[in-house]
Structures are given as structure tokens and as C-alpha cells.
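Taken in order, these protein sequences are the chains called A and B.
Just so we're aligned: 115 in numbering that gives the first Met the number 0 is position 116 of the first sequence, and the numbers increase by one with no gaps anywhere.
Just so we're aligned: 160 in numbering that gives the first Met the number 0 is position 161 of the second sequence, and the numbers increase by one with no gaps anywhere.
Hints in this document: simulated from the structure, not taken from any laboratory.
What you were told as hints is all true, and nothing was included just to trick you.
Which bits of chain A does chain B cover? Going by a derived footprint, with three or more residues having C-beta under 8 Å, they are:
no. : stretch
1   : 162 to 176
2   : 207 to 216
Here are the in silico distance ranges between beta carbons for each label pair:
no. : chain 1 : residue 1 : chain 2 : residue 2 : range
3   : A       : E75       : B       : R227      : 29 to 39 Å
4   : A       : I23       : B       : P20       : 57 to 67 Å
5   : B       : Q239      : A       : A4        : 53 to 63 Å
6   : B       : L19       : A       : S185      : 54 to 64 Å
7   : B       : W80       : A       : G158      : 30 to 40 Å
8   : B       : M72       : A       : L91       : 22 to 32 Å
9   : A       : L81       : B       : A27       : 54 to 64 Å
10  : A       : R156      : B       : L109      : 33 to 43 Å
11  : B       : W80       : A       : R156      : 22 to 32 Å
12  : A       : L34       : B       : D174      : 26 to 36 Å
13  : A       : M84       : B       : G24       : 49 to 59 Å
14  : A       : M84       : B       : R226      : 34 to 44 Å
15  : B       : W121      : A       : S78       : 44 to 54 Å
16  : B       : A38       : A       : R156      : 43 to 53 Å
Heads up, incomplete: computed chain A residues facing chain B, CB under 10 Å, no partners named:
no. : residue
17  : G147
18  : A149
19  : L150
20  : T153
21  : R156
22  : L159
23  : V203
Keep in mind the model is a prediction, meaning the values are calculated, not measured.
Built from N, CA and C at the ideal position, the CB exists for glycine as well.
Here are the chains, one letter per residue:
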Amino acid sequence: MTALAALIRRDIKIALRVGGGALIGVLFFLTVTVLMPFAIGPDLPLLARLGPAILWLGALLASLLTLDRLFTADHEDGSLDLIAMGQTPLELACAAKALAHWLAAGVPLIVATPALGLLLNLDASATSAVALTLLVGTPALTFTGMIGAALAVTLHRGGLLLAVLVLPLSIPVLIFGVAASQAAISGPLSFGTPFSILCALSLVSLVVGPFAAAASLRHGLD
Amino acid sequence: MTLIDLANPSKFLTLTARVLPWLAGATAILLLIGLYQAAMAPDDYQQGATVKIMFVHVPNAWLAMFVWGVMSMAALGTLVWRHPLADVAAKAAAPIGAAFTFLALVTGSLWGRPMWGTYWEWDARLTSVLILFLMYLGLMALWRAVEDPSRAARAAAVLTLVGALNLPIIKFSVDWWNTLHQPASVLRMGGPSLDKAFLIPLLVMAVGFSLLFVTLHIAAMRNEILRRRVRSLQMMQASQQAA
Numbered sequence: 000m001t002a003l004a005a006l007i008r009r010d011i012k013i014a015l016r017v018g019g020g021a022l023i024g025v026l027f028f029l030t031v032t033v034l035m036p037f038a039i040g041p042d043l044p045l046l047a048r049l050g051p052a053i054l055w056l057g058a059l060l061a062s063l064l065t066l067d068r069l070f071t072a073d074h075e076d077g078s079l080d081l082i083a084m085g086q087t088p089l090e091l092a093c094a095a096k097a098l099a100h101w102l103a104a105g106v107p108l109i110v111a112t113p114a115l116g117l118l119l120n121l122d123a124s125a126t127s128a129v130a131l132t133l134l135v136g137t138p139a140l141t142f143t144g145m146i147g148a149a150l151a152v153t154l155h156r157g158g159l160l161l162a163v164l165v166l167p168l169s170i171p172v173l174i175f176g177v178a179a180s181q182a183a184i185s186g187p188l189s190f191g192t193p194f195s196i197l198c199a200l201s202l203v204s205l206v207v208g209p210f211a212a213a214a215s216l217r218h219g220l221d
Numbered sequence: 000m001t002l003i004d005l006a007n008p009s010k011f012l013t014l015t016a017r018v019l020p021w022l023a024g025a026t027a028i029l030l031l032i033g034l035y036q037a038a039m040a041p042d043d044y045q046q047g048a049t050v051k052i053m054f055v056h057v058p059n060a061w062l063a064m065f066v067w068g069v070m071s072m073a074a075l076g077t078l079v080w081r082h083p084l085a086d087v088a089a090k091a092a093a094p095i096g097a098a099f100t101f102l103a104l105v106t107g108s109l110w111g112r113p114m115w116g117t118y119w120e121w122d123a124r125l126t127s128v129l130i131l132f133l134m135y136l137g138l139m140a141l142w143r144a145v146e147d148p149s150r151a152a153r154a155a156a157v158l159t160l161v162g163a164l165n166l167p168i169i170k171f172s173v174d175w176w177n178t179l180h181q182p183a184s185v186l187r188m189g190g191p192s193l194d195k196a197f198l199i200p201l202l203v204m205a206v207g208f209s210l211l212f213v214t215l216h217i218a219a220m221r222n223e224i225l226r227r228r229v230r231s232l233q234m235m236q237a238s239q240q241a242a
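With the hints as constraints, model all of the structure from the sequences given.
And the structure:
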């Protein structure tokens, strides 16, 4: 347990310090959100209607772009091999790393959401709905994305390949995240149903992600 | 003769060399019979002659999913038993599966134009098949991204299994998404009560297309084995020249 806590603390520290790059995700999120009105036009009612979708897409892309950092740096300096050879099960170590990554790179996205909601003309209830769905949904993005990150690091290929592999897997999260936000704002449907399914997706990815990532690391590292 | 014996690529090559012509012949005969029956089948009272697209469309759509199942079995073979032919089977199946998925999309789109008035509709089934197609392409990209075949095989196996877990979830969520956005859904194919005049040609075509997959798959596996042999010979030659 202490080993896992130490791993989480170490990963968060590295991510937040100079060279870590966790906060670049937030900057990217901000930039994408600012770009949207240029493409759509400064039509405030339209932006308010598209707001949840824009925020979800921005968060999805931002979390995708930071995924590269999950294993790459550790692979380059050899600490990933140490983690893989250590006594802690690799599945648990992967889960700890993903949790640390979510805390360092995912939570700032959620914290930034209210400010971005203002830019998109979302009112307080809409913003809090989006932030709540992001809070529940981004762990699923991190934990399924971890599979792609593990594949990419064992193959020494990142970037586009990672995106192509991970994005189709995140479609359900996107559907239910946006659906729950829309339901909270306008929808005739209840907020609870898509929200609970979103929670379920996160829980499933919490189980599947570490095992699949550990399997691909175990088979792929040499 | 068990699966373990087949693990020897040379044995696999000699065995399949004998089986392949028969398989190809049976495929050709079944597809000819199926196409003839399909052409002779009566027109649908609503859809007219366009219903005949179904005889090509449905087997393709069925195989699109079936091939991912075959790849998942091969992925288990790769990860659990390290079966040497499982890698080859998984790699050879991916482009064939992608081709079936693509054909299902194209025939569906051609069928949709006269029936629904549009080539593309964000219908739940179409969308999930499109996502399946994207995942096939991603898998092929993964195979092509790595030079070492056995390393690529293990990565692709993990992705295939994750995809097999995820495909039902995607299917479910797309269904949900679609019913949310379009309460008045587009019309669905024939329904469960398909007339015998349609059912029998459809089944013949389905078996014919399945045999076509088996034939193509075995041929592609043979090619892949030979390609790997050529590669290792070339490597050997290169290292001899260097020495």
C-alpha cells in the first residue's frame, strides 16, 4: 500500500513540476474552447446550446493529448522496468499511475470548466452539470486511454496511432457525458439515467483498463 | 490431427494446400446458387427489386462482426498459448474483416438511397458498423506501425480483446444515443417474419460468404507465412553479406 501511495505521490510531483506538462492540458482545453466560437460564430444562444458538447470534446482531446506522458517518461529513464519488476502487481501499479495522472491532468480540466462555461454562455446550473459529468466521466477516459498509452509505449509509437486507437473506445463516454449534461440543462429525459450509465462506464474502465494495460506492458517490454 | 499439430507452419501449409481448392470450389458453387436464387426471388411488395441488395448486405454485415470474433479467438491464442499460427491468423483476418465491414456499409448505403432517400443516416446500426470499421482500420494501423511481427501480434491481441469487450458497449450506447435524438426512427429491415422465398437464398448466401471468408483467410494466412519466410531469408542473406 505504501508503495502504491509513494508511486502516486511521485507521479503527481513529476507531473506538476517543470517538465511535467500536466497543466498544458488545461491550456489546450482553454485554446480549443476559445477556437470554437471562431468556427461557429459569436451567436450566444447557439453557443449555449452547443456548450456541453464543446466542453466535452475539449476535455476529451485534452485528456487524450496528455495520455502520452503516462508511460513515456518512465519508459525512457527505465523506471517503468523497475515498476514492472517490482513486487507490487503491475495491474495495481498501472491503476495507481492512472489515478495519479487523473489527479494531475484530469482534475485541473474539471476545475477549469466553470470559467470556460462563462465563455460559452452557460448558466450556473448548466456549468455545474457539465463539471459533474466531467468529474465522473474523465476517469473513464484516463483508464481506457491508459490501454492505448501502454500499447504506444511498448511499440515506441505515440501521437496519432494512440489517438486512432483510443478515440473509438471513448465514444460511449462521450455519448453519455453529453447526454447527461443536456438532460440536466434542457432535456425531457431525467439526468439520473445517463449519469448512472456514465458512472458504470467509469467503473468498468477502472477494472478493465489496468489489466489490459498491464498485459500489454508485460508482453511488450523487453 | 489436432490444433497443436497445425501449429507447425509447414504442416499447415501442406494441409491447406490440399483443402484450399475444395473450399474455393464449394464457395464458388454456393455463391452461384445463392445469387441465382436471389435473382429469382420475388420482389418485395414495398421495396421492389431493391430488396435483393439484402442478399449481399446481410451476409457482409454478419461477417463484419464474425471476423472480429475470429480475431478475438486468435488473440487469446496469441496471449495465452503463444500459438505461432494465432498471430498469423489474427493479422490475416483484419483486412478481410475491414473489407466485409466496408462492403456492408456500401451496400447498406446503396440500399438506403432508394429506401430512405439518403445515402447516409445516423441510424444506430449504421453508426455502430461505421465505428466497427474505424476500429478495424485502427487495428490494421497498429499492425503496420511495428516491424517486429511477434511484438505487433501481442499489442494487436490486447487491442482486439479490449475491442471485443467494448464493441457491445459501443453498440448499446449508440442505440441509446440514436433513440434519444431521433424518436421517429428509420425503417428497419423486414422484421423477424422473413418469408421463405427470401430466407432460403439469404441463408445460402450467408453460408457462401462464410466459406468465402474461410477461403480468403486461409489463403491470406498462407501468404503471410510465406511472406515471413521470405523476410527471414532476406535477413539471413543480408547478415551473411555483412559478415
